[in-house]
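Number of protein chains: 2
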Amino acid sequence: MLSLRDAERRGRPDIVHLCLLNALGTPLNKEQMLSVYVHTLNDEVISVAPEVRLPRNYNRFTSLIEQLFQTHHVPTEGKTLLEIQSETLQDLLRHLHPSRVLALSVLGEPSTTAKAIEPLVSEENPTIIVGGFPRGHLSDQTTRLSDAIVSIDPEGLDAWIVVSRLLYEFEKQSRIPEKRWDQRRKE
Amino acid sequence: MLSLRDAERRGRPDIVHLCLLNALGTPLNKEQMLSVYVHTLNDEVISVAPEVRLPRNYNRFTSLIEQLFQTHHVPTEGKTLLEIQSETLQDLLRHLHPSRVLALSVLGEPSTTAKAIEPLVSEENPTIIVGGFPRGHLSDQTTRLSDAIVSIDPEGLDAWIVVSRLLYEFEKQSRIPEKRWDQRRKE
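Sequences listed follow chains P and G, in order. Quick note: the first sequence, position 55, residue 55 per my numbering, numbers continuous. Quick note: the second sequence, position 81, residue 81 per my numbering, numbers continuous.
These aren't lab readings, by the way, just hints derived from the structure by calculation.
Remember, identical chains collapse to one label, so a pair may be satisfied in a single copy or spanning two.
In silico lysine to any residue, SDA-like type, Cα no more than 20 Å apart, as pairs:
#1 K179 x E155
#2 K115 x Q173
#3 K179 x V106
#4 K115 x S99
#5 K30 x L157
#6 K30 x R135
#7 K186 x V106
#8 K30 x R185
#9 K115 x S174
#10 K186 x P154
#11 K186 x E109
#12 K30 x R56
#13 K115 x R180
Assemble the whole structure, with the sequences as input and the hints as a guide.
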């Protein structure tokens, strides 16, 4: 049945769309504290500007991504919001200089979202890797780049749910909800 | 511009799709501790069985919902997974007998997700209402049905992000992550 190389880990644009919508709508992103990258199996990296307003509608999203593959950045004039370039995950991490890398995998050490996030909150530049594919696991190459590999549920969870929980827990442990209300009261 | 009655609060199927995917993939739902209903502005209620595997793909989702509007339940044979019937939100709540109703609104009392969930965890039958529309607010009629109306972010958040955070926080305060690992260790 599976004739493509690494067929189980081939990204599905619908999963990427769901992960991005769950990441970009967070207060963490609105506070400009989040950088989002999508790495593809063909070793391309899409850089996502925090202020991009991604289409909520899936068909408009896939049109946008098709345009991105043609022009390499969108929009073609003005500030770039999405950009694609050839890059391995290893090279991407080298450029990001993470102070600590957490990877999520159902094969990882049993943990909870809260415990997985704890060591990241005091880090200068923490990075999280979540596999945006329906089945299959992170490659050995990817797990070797990680300081910790944890599982936050015995059955495994959909990638977009993992993204939501990790970012919310990071915000919570960084007291961002309280800070945002304090800021509003001062205005 | 807005010529439809309550145009701002007209549901968008893409928002409903995102909310449902964020709710149905949770451990809370897998533990059969969640019941999900979609109430429409035309006073129809869609009941969602916890075991339904909703299409991740938006186009397949809208086809399924079109079928549902024609046949009133899907699949047409075997156990019903989605069902639609005429019902007001008031009547739905009467049937559900909630012990406490929490409504989320950017006009509500400033709070955090964790604090908003706290009073629900010890309740026998807590119910949460989230508006699945892009702008606008819950109607007065809806807020009158609620015991508390809270806002979890000063800017407001996308409906699917609100759903994710509330359900995760409810699970966390109910110690479901730990219980699921304990259960796995016993197997």
